[in-house]
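Engineer: Spelled out from the first residue to the last, the chains are:
Number of protein chains: 2
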Amino acid sequence: RMWIRRCQSRCLSSMRIARRPDLAAVSDEHIRSLSRLCPNNSRDEVFLAVANIDWLGKYKGHSPLILYPSSTHEVAAALRYCSGKRLGVVVQGGNTSLVGGATPVHDEIVLDMRRMNNIIEIDQEQQVLICDAGCILQQLDQKLETVGLTMPLDLGAKGSCQIGGNVATNAGGIRLVRYGSLHANVIGLEWVMANGTVFNNITTLRKDNTGFDLKQLMIGSEGSLGIITKVALLVPRKPTTINLSYLALESFDKVIEALHCARFHLGEILSAIEFQDRQSLEFVLANHPGSQDPMDKSYPFYMIVEASGFRQEHDADRMSRFLEDALDRQIIADGTLAQDSTQIAGLWALRESVAESVGKSGSVFKYDLSLPVKDMYTMVEAMRTRLAPVISPDLICGYGHVGDSNLHLNIVSPEFSDKVQDLTEPFVYDLTRKMGGSISAEHGLGLMKAPYISYSKSEAQIRLMQQVKDLFDPNGILNPYKVLPVAPKPEPAQSIIYQGKP
Amino acid sequence: RMWIRRCQSRCLSSMRIARRPDLAAVSDEHIRSLSRLCPNNSRDEVFLAVANIDWLGKYKGHSPLILYPSSTHEVAAALRYCSGKRLGVVVQGGNTSLVGGATPVHDEIVLDMRRMNNIIEIDQEQQVLICDAGCILQQLDQKLETVGLTMPLDLGAKGSCQIGGNVATNAGGIRLVRYGSLHANVIGLEWVMANGTVFNNITTLRKDNTGFDLKQLMIGSEGSLGIITKVALLVPRKPTTINLSYLALESFDKVIEALHCARFHLGEILSAIEFQDRQSLEFVLANHPGSQDPMDKSYPFYMIVEASGFRQEHDADRMSRFLEDALDRQIIADGTLAQDSTQIAGLWALRESVAESVGKSGSVFKYDLSLPVKDMYTMVEAMRTRLAPVISPDLICGYGHVGDSNLHLNIVSPEFSDKVQDLTEPFVYDLTRKMGGSISAEHGLGLMKAPYISYSKSEAQIRLMQQVKDLFDPNGILNPYKVLPVAPKPEPAQSIIYQGKP
Numbered sequence: 006r007m008w009i010r011r012c013q014s015r016c017l018s019s020m021r022i023a024r025r026p027d028l029a030a031v032s033d034e035h036i037r038s039l040s041r042l043c044p045n046n047s048r049d050e051v052f053l054a055v056a057n058i059d060w061l062g063k064y065k066g067h068s069p070l071i072l073y074p075s076s077t078h079e080v081a082a083a084l085r086y087c088s089g090k091r092l093g094v095v096v097q098g099g100n101t102s103l104v105g106g107a108t109p110v111h112d113e114i115v116l117d118m119r120r121m122n123n124i125i126e127i128d129q130e131q132q133v134l135i136c137d138a139g140c141i142l143q144q145l146d147q148k149l150e151t152v153g154l155t156m157p158l159d160l161g162a163k164g165s166c167q168i169g170g171n172v173a174t175n176a177g178g179i180r181l182v183r184y185g186s187l188h189a190n191v192i193g194l195e196w197v198m199a200n201g202t203v204f205n206n207i208t209t210l211r212k213d214n215t216g217f218d219l220k221q222l223m224i225g226s227e228g229s230l231g232i233i234t235k236v237a238l239l240v241p242r243k244p245t246t247i248n249l250s251y252l253a254l255e256s257f258d259k260v261i262e263a264l265h266c267a268r269f270h271l272g273e274i275l276s277a278i279e280f281q282d283r284q285s286l287e288f289v290l291a292n293h294p295g296s297q298d299p300m301d302k303s304y305p306f307y308m309i310v311e312a313s314g315f316r317q318e319h320d321a322d323r324m325s326r327f328l329e330d331a332l333d334r335q336i337i338a339d340g341t342l343a344q345d346s347t348q349i350a351g352l353w354a355l356r357e358s359v360a361e362s363v364g365k366s367g368s369v370f371k372y373d374l375s376l377p378v379k380d381m382y383t384m385v386e387a388m389r390t391r392l393a394p395v396i397s398p399d400l401i402c403g404y405g406h407v408g409d410s411n412l413h414l415n416i417v418s419p420e421f422s423d424k425v426q427d428l429t430e431p432f433v434y435d436l437t438r439k440m441g442g443s444i445s446a447e448h449g450l451g452l453m454k455a456p457y458i459s460y461s462k463s464e465a466q467i468r469l470m471q472q473v474k475d476l477f478d479p480n481g482i483l484n485p486y487k488v489l490p491v492a493p494k495p496e497p498a499q500s501i502i503y504q505g506k507p
Numbered sequence: 006r007m008w009i010r011r012c013q014s015r016c017l018s019s020m021r022i023a024r025r026p027d028l029a030a031v032s033d034e035h036i037r038s039l040s041r042l043c044p045n046n047s048r049d050e051v052f053l054a055v056a057n058i059d060w061l062g063k064y065k066g067h068s069p070l071i072l073y074p075s076s077t078h079e080v081a082a083a084l085r086y087c088s089g090k091r092l093g094v095v096v097q098g099g100n101t102s103l104v105g106g107a108t109p110v111h112d113e114i115v116l117d118m119r120r121m122n123n124i125i126e127i128d129q130e131q132q133v134l135i136c137d138a139g140c141i142l143q144q145l146d147q148k149l150e151t152v153g154l155t156m157p158l159d160l161g162a163k164g165s166c167q168i169g170g171n172v173a174t175n176a177g178g179i180r181l182v183r184y185g186s187l188h189a190n191v192i193g194l195e196w197v198m199a200n201g202t203v204f205n206n207i208t209t210l211r212k213d214n215t216g217f218d219l220k221q222l223m224i225g226s227e228g229s230l231g232i233i234t235k236v237a238l239l240v241p242r243k244p245t246t247i248n249l250s251y252l253a254l255e256s257f258d259k260v261i262e263a264l265h266c267a268r269f270h271l272g273e274i275l276s277a278i279e280f281q282d283r284q285s286l287e288f289v290l291a292n293h294p295g296s297q298d299p300m301d302k303s304y305p306f307y308m309i310v311e312a313s314g315f316r317q318e319h320d321a322d323r324m325s326r327f328l329e330d331a332l333d334r335q336i337i338a339d340g341t342l343a344q345d346s347t348q349i350a351g352l353w354a355l356r357e358s359v360a361e362s363v364g365k366s367g368s369v370f371k372y373d374l375s376l377p378v379k380d381m382y383t384m385v386e387a388m389r390t391r392l393a394p395v396i397s398p399d400l401i402c403g404y405g406h407v408g409d410s411n412l413h414l415n416i417v418s419p420e421f422s423d424k425v426q427d428l429t430e431p432f433v434y435d436l437t438r439k440m441g442g443s444i445s446a447e448h449g450l451g452l453m454k455a456p457y458i459s460y461s462k463s464e465a466q467i468r469l470m471q472q473v474k475d476l477f478d479p480n481g482i483l484n485p486y487k488v489l490p491v492a493p494k495p496e497p498a499q500s501i502i503y504q505g506k507p
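Going down the list, the protein sequences come from chains Y and S.
Under this note's numbering, the residue at position 394 of the first sequence is numbered 399, and the numbers go up by one with no gaps.
Under this note's numbering, the residue at position 372 of the second sequence is numbered 377, and the numbers go up by one with no gaps.
Chain Y extracted, bound-state conformation (with noise of 0.2 Å):
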């Protein structure tokens, strides 16, 4: 695999972290009472080098043991002895995180949720969608397909990522600016606490004010707080028509242009605007097979603008005003109008290929930022000319959802170095801050951003984050390292004896 080959030749790994001293040493009766808890489980050597290896291939780590629990109980008894035995614990869906945030750092137990992959119900009427935390996006929005039902979420990892990671990080993707957040589109959650106690709020009623709502804190909890195993998740009604058009722009000025003009024509139809700078679409059409420049000359600016609805006529008589509109006032440079829905994937492709193509071209430091929209792409001019010493212009690029200000800078190295990682952190969050952005916009914070998390959030804040975190999970062992920065426990006396009680 291209991806474990690239990262034993150079990996940002856990050296770089010491161990925390209050966590157990995973020993061969801890590996001998987790495989009774959960007879599922590998410690195969290529599955350990998979699951010790994150997407990009910039992080490592030692985990000794993968359990695929088959339940939420041998999630819970897996849980609750490690927990007791003070073992961290990593969860891990589809291994797409872009953060570090499901890779162990040093020999935590790894969670592995694939075989937890049930779709338990799709209520039509009520339009939600109970199922398994395992089950992988895209297999979920083709099952909802067959019913008329999409998911309100869509991300270029869909073929792989899982619907309980989604939720775990919060993802966001290119559907937010259409049916928004999962903070309003999760209606209920089953997820296991750090010492094993089951909480269960599956649901099919769209509205429960009874107490706080503390699912919300799992939404984006990254696996720190508990372990998702089963969601409820409003499903909208899958639009029966779809128009696209891919516009070529001269400046990103346009693209503001561009966007306000689309919100002002398309309303409450526009379910995606996207932008890509030349350099993204460069890496495309160099890797991805198949691909080809949608227009005769070159440009330094792209969108995809998506309406969605119901009336093909409608819609398509407004995407043509939109169009009409922005080349009238000079906004659109040139664009192209998808005739068919083979014509839909391959203008989508141009944009959500970005990611695995900017991959194949090196190693790929990547930051994903909220930034106001008038500074996205000052970001990525103030990246080149800060790495112009050591990286070419060509290969740093910009690209996201414009509609949400989200910016995915991609800064193209051919190893992950120090010295590149030393130029750009904390640079570009320190650039975040003064733009008055927030370093992780939906990605997380991971392993990646946890040292950082100050440049967007304030010390009370952090400070009470950690009192939430010590209370969910009192021990630390779900996810250690990650999302805070690491302030090690004193190591437990020998009388402590873990209570059972969250």
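Treat the hints as calculated values from the structure; they're not laboratory data.
All the given hints hold, so there is nothing to weed out.
The list cannot tell twin chains apart, which means a pair is met if one copy fits it or any two copies do.
With a straight-line Cα cutoff of 20 Å, these simulated EDC-like cross-link-like pairs (lysine to aspartate or glutamate) come out:
#1 Lys379 - Asp128
#2 Lys379 - Glu126
#3 Lys243 - Glu273
#4 Lys379 - Glu130
#5 Lys379 - Asp282
Because the structure is a prediction, the values reported are computed rather than measured.
Assemble chain S onto chain Y, guided by the hints.
Structural biologist: Quick look at chain S alone, frame taken from chain Y:
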């Protein structure tokens, strides 16, 4: 004032709830100190009378002091003082709680937010509103309208409820079906912790995945985890077209059929779908000036189906097809289509003035329930049977947000009698649990439902909620006796001095 008079005749008051011994009685010295910290305040008997009784005239407290802070700084200073002295605090917005959530129980200090009512920013490009918590919902909507935007929530109390209270109670209302819940629309919050620490997450950024989303916990915490002082909210473009039909139906089964038919035909332009029974309409016809029966004869059920968009012809056509289909299939018995904005307002008034009209007929026991849609009206009928010995069936009505399966059950009694109360509770909660519903859909728990939380949440969840409460508000000064069942804290030892830590 009518409802003060009513309360004097009969009031479910603090005598039922024992005073928490760990909270200090408010002394003259406390009042002098708080008056210095918050120069706008009142001990006026008339103002206190209003502040000490809830909107329904059901609960009555004995607060001796109202503070009207004019800045976050003043809120923080007051809370810091109250935390140190262990004085209970109740925050009051529009005082429109239907569960006694904003009424003092004993002598809690009232924090009235009306002076904090500035609109800080309307970012038209990002479609974000930033404002003080004390802004009144309707005034915000009117202000936004001048720039073509609108609030994502709308409810009957809009003329007096405040956005801070809306957020603190996770208000639902008639637009939730279109724009989703506040958990998605609130993108930033400023709040003050019980100890006076200010948390500022005000932003115009739509996405921020840097650590646990603590503000989500504030949404729906009912003033018991902190005091919300500023809100940043996504505000959508105001639709330019409204097509509204008011329908008559022969049974609740037909209401459900009409719901699905409307969802099918109107899809993304469906902006409200409400139902009400004949009994609720009768209250309006009898008590709401200018109202008249919209149909030639009486029907057991009525619905409002509203579509909002940006193209009149398209929207009107879809509404027509919905009506044609519903008539053809004999789902609806009769219907009227509003021809202009006056008719739209008139038809909405039939639904929106139910709460007020019912209130003019007696003392109202109000229940706000989430139920599987098939059971929504079964609940109303079950209560009519149950209460037949003491309440005429005509005085029990059901209405609400059928698109969210949210029933408002109203029982009109000559007074708030223990007999009606004891026949109703916990019976109604027990039946809700049996039906798989939630005992509070959108009104929260407040004082009224705090003892019944276990009907909707497990023991483990309630325990964790209490731990979260203890973490956020260690002295338990915020909205005491509300939300969670009262578990008296031990009286503080003399030696305990407030440490100023969260």
